[in-house]
Structure formats: C-alpha cells, structure tokens
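Counting in our numbering, the sequence shown runs from 246 upward without gaps.
Hints may contain errors.
[Unchecked claim] Result set (DSSO-like, lysine-lysine): computed pairs, CA atoms no more than 30 Å apart in a straight line:
hint : residue 1 : residue 2
1    : Lys438    : Lys332
2    : Lys438    : Lys407
3    : Lys352    : Lys407
4    : Lys295    : Lys438
5    : Lys438    : Lys449
6    : Lys407    : Lys298
What the hints contain is simulated information worked out from the structure, not anything from laboratory work. As the structure is a computational prediction, the values presented were derived from the model and not from experiment.
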Amino acid sequence: ATMSPDLRLLEDEVQELEILPVTEEHGDTEAFVVEYTKTHSWPPLQRALKSVKSCEALRALPKRDSILRWVNVTGGSDNPLARPILKAYDVHPLFIEDILNDAERAKVEKLGDADLFILFQGVQLVEEDSGDAIPLLRLEMNQVSLVLSDGVLLSFFNAPTKAIEQCKANIAAPGSRLRTSSCLWLAHMIMDKEVDHLFPIMNKFRMQLEECQRVLEDRRPSGTGNPNASNVAILRVLQCTSQEMNNLVFVLRPLASAVMALTEYARYNGLTELQWYFDDLRDHVSTILDYVASMQTWARNLKDDYSYIQQDNMNRTMYVLTLITALFVPANFLTGLFGMNFEYMPWLNWEYGFWAFWGVIVCVNVVIVYLIKKLSWLQ
Numbered sequence: 246a247t248m249s250p251d252l253r254l255l256e257d258e259v260q261e262l263e264i265l266p267v268t269e270e271h272g273d274t275e276a277f278v279v280e281y282t283k284t285h286s287w288p289p290l291q292r293a294l295k296s297v298k299s300c301e302a303l304r305a306l307p308k309r310d311s312i313l314r315w316v317n318v319t320g321g322s323d324n325p326l327a328r329p330i331l332k333a334y335d336v337h338p339l340f341i342e343d344i345l346n347d348a349e350r351a352k353v354e355k356l357g358d359a360d361l362f363i364l365f366q367g368v369q370l371v372e373e374d375s376g377d378a379i380p381l382l383r384l385e386m387n388q389v390s391l392v393l394s395d396g397v398l399l400s401f402f403n404a405p406t407k408a409i410e411q412c413k414a415n416i417a418a419p420g421s422r423l424r425t426s427s428c429l430w431l432a433h434m435i436m437d438k439e440v441d442h443l444f445p446i447m448n449k450f451r452m453q454l455e456e457c458q459r460v461l462e463d464r465r466p467s468g469t470g471n472p473n474a475s476n477v478a479i480l481r482v483l484q485c486t487s488q489e490m491n492n493l494v495f496v497l498r499p500l501a502s503a504v505m506a507l508t509e510y511a512r513y514n515g516l517t518e519l520q521w522y523f524d525d526l527r528d529h530v531s532t533i534l535d536y537v538a539s540m541q542t543w544a545r546n547l548k549d550d551y552s553y554i555q556q557d558n559m560n561r562t563m564y565v566l567t568l569i570t571a572l573f574v575p576a577n578f579l580t581g582l583f584g585m586n587f588e589y590m591p592w593l594n595w596e597y598g599f600w601a602f603w604g605v606i607v608c609v610n611v612v613i614v615y616l617i618k619k620l621s622w623l624q
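Given only the sequences and the hints, what does the whole structure look like? Please build it.
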C-alpha cells in the first residue's frame with residue numbers, strides 16, 4: 246500500500262533514539278516522539294515533530310499493541326505544536342486549558358476507563374545576582390502535564406528539564422524497567438525525577454542558611470563569618486528563603502495528594518509493584534515537606550537572631566552616647582552657672598579660676614567614669 250504524504254513526512258524524520266543533554270543550544274521549545282517495546286532487538290526510535298502536519302499524522306501512525314509511544318512537548322503554550330498534538334489525541338478541552346495555562350494546582354483525574362490526566366509543578370533553582378556577597382536563591386515553577394491513553398503518554402513541560410533526558414536514557418537501556426512496563430511507569434519516573442531534583446535544591450538553601458548563620462555569629466572580618474555580607478543582604482536572604490519555602494509548600498501539598506491518588510489507582514488496578522513505587526514517591530514528598538518546615542523554622546530563628554543583634558548594637562550605641570552626654574553635663578552646668586550676668590559673683594575674678602574650673606570638670610568626669618564601670622553600666 247502507498248503511504249500517505251503525511252505519514253511519509255513523519256517517517257522521514259525517524260531516527261534511532263539519541264540521548265542529548267538539555268542545553269540552551271537546543272532551545273526552550275521542542276517536540277518529539279519516542280516509541281519503544283519489550284523486544285530487545287527492536288531499538289527505541291525517536292521522531293522529531295517540527296510541523297503541524299506531522300502532529301496531525303501522528304495519531305494515524307500505525308502502532309502495534311506491544312509498542313509504547315511517548316510524545317513530549319517542551320515549551321508549554323509557547324510551543325505552536327502543543328495544541329495540535331492535544332487535538333490530535335482528542336484531549337478534553339478542559340484539560341487542554343489546564344495544560345496550556347501556568348500555575349495550576351497539582352491533580353490527578355481519570356479519563357474514561359483507563360486514561361489518566363496528571364498535572365503537577367516541577368521546580369527549578371535560579372541564582373539571582375543581587376550584587377551582595379550571598380546571592381539570592383529563587384524557585385521557578387515548571388508545570389508538567391501528563392496524559393495517558395492506550396499505550397501512549399503525552400507529556401508537556403513548560404521548560405526544559407533533566408528528567409526528559411534521564412527518561413530517554415532509561416528507555417534506551419535494553420532490559421530497563423521502562424522497556425518492560427506500561428506508560429504509567431514512565432509517568433512515575435518523570436514524577437520521581439522531578440521530586441528527586443528537589444533534594445539538591447534544598448541542600449543549596451541549607452548551605453545558604455549556614456552561611457547566614459556564620460555571618461550572624463561573628464561579624465568581625467577576622468571571624469568565621471563573611472565580612473562582605475551586609476546586614477541588609479542577610480535580611481534579604483532570610484526573607485527570600487522564607488518566601489520560597491512558603492511557595493514550595495503550596496506546590497508540594499497538592500503533589501502529595503496527587504501521588505496518594507495515583508497510589509490508590511495502582512492498588513485498585515492490581516498494580517502492586519507500581520503501588521509500592523508510588524508509596525516511595527509519596528515518602529520522598531513527605532521528606533521534602535519536613536525539610537521545608539525545618540528550613541522555615543531555621544530562617545525564622547535567624548531573623549530573630551538578626552533582630553536581637555541589631556537591637557544589641559543599638560543598645561551599645563545608646564550606652565556610648567549616654568556616657569558622652571554624662572561627661573558633658575557637669576561642664577554645661579558650670580559654664581551656665583558662671584556665665585550668668587550678675588554683677589557680683591564669687592571667684593569670677595579669681596586669678597586661678599580658669600584652671601580651677603577645668604580641674605573640677607576633670608575630677609567630676611573621672612568620678613562619673615568610675616561609677617559607670619563600677620556599676621557595670623557599660624561593658
């Protein structure tokens with residue numbers, strides 16, 4: 246039989262699965278199809294989707310029952326191929342709206358008897374150069390949407406992520422679990438890689454808080470703290486950390502509920518081993534939530550320490566100003582006393598009056614300093 250032009254357009258782009266690192270050179274928008282099967286002699290194939298016609302031909306491309314197909318789109322709504330692929334697979338308009346919109350809450354919904362729709366927020370770390378010694382750490386959300394339907398997984402990422410290439414590498418390995426399992430395993434791996442990516446991110450925040458703590462413990466250049474970090478920079482870092490941890494809580498709590506729903510789905514369908522893996526994924530999410538709570542408490546305590554240090558420095562400054570004021574009070578009093586315009590005043594014309602005046606001032610100031618030290622008013 247003669248192959249249709251659309252199918253020929255798609256077949257011309259077939260290549261053996263190639264593992265490429267996620268770099269800026271490949272751009273932020275791409276679309277590809279990976280097909281694989283349990284048969285070791287049939288290598289996984291990758292098809293690049295570069296046009297709307299290839300997307301329209303994708304659904305009509307022959308697929309045997311033993312072959313699993315993974316269609317990935319990176320770039321979210323900015324990718325012009327996202328909507329054609331969704332329409333080619335007859336995805337419900339409500340789910341299309343969720344996929345193409347950002348900042349959606351994590352959820353799992355069932356489509357028909359065997360289809361699933363999974364949506365959650367991945368997280369990427371960005372270091373913001375604020376000009377201070379300690380850079381600000383910001384979290385950028387990367388929405389991930391997964392649609393499972395009859396041996397096909399549609400995945401949509403708003404931004405490139407390492408999880409894509411890690412899943413490709415696993416598929417390319419003969420005998421790997423993804424090669425011998427359903428598309429739901431691939432969906433689990435994508436979620437697992439995105440969650441595991443949070444552990445090094447939390448470690449970055451931990452190292453930053455440790456640096457802030459060292460700075461607060463010793464502000465002197467000869468100490469263990471960073472002398473280049475200003476008070477404003479420390480406060481900015483602590484406020485930023487608290488804000489990002491709060492944002493992470495809003496992402497992880499719905500994700501924990503979504504993973505719980507997938508665990509129940511696997512149990513209901515008799516997928517015992519997959520249920521164990523989703524249970525493990527839920528434990529990872531719970532562990533990260535515990536880390537987040539610990540970071541929130543740590544940042545809050547450091548802000549309290551910062552306020553205490555600032556208050557203590559202010560008190561020391563006030564003590565010094567009080568001492569200086571106390572030293573000048575006797576001089577002001579005696580100057581005002583002998584500066585009165587009375588015609589007859591004792592000692593006003595005394596030959597040694599000037600030196601006696603300063604002698605009294607010095608003696609009084611010595612007594613004041615002695616009393617302040619004796620009473621431990623100034624350490």
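Now for the hints, and whether the structure bears them out:
The hinted pair formed by lysine 438 and lysine 332 meets the criterion: a straight-line CA distance of about 28 Å does not exceed 30 Å. About 8 Å separates the Cα atoms of lysine 438 and lysine 407, which keeps this hinted pair within 30 Å; it holds. About 22 Å separates the Cα atoms of lysine 352 and lysine 407, which keeps this hinted pair within 30 Å; it holds. For the hint linking lysine 295 to lysine 438, the alpha-carbon distance of about 27 Å falls within 30 Å, and the restraint holds.
Of the pairs offered as hints, the one joining lysine 438 and lysine 449 holds, with about 18 Å between alpha carbons and a cut-off of 30 Å not exceeded. Simply put, lysine 407 and lysine 298 have alpha-carbon atoms about 28 Å apart, close enough for the 30 Å limit, and the pair holds.
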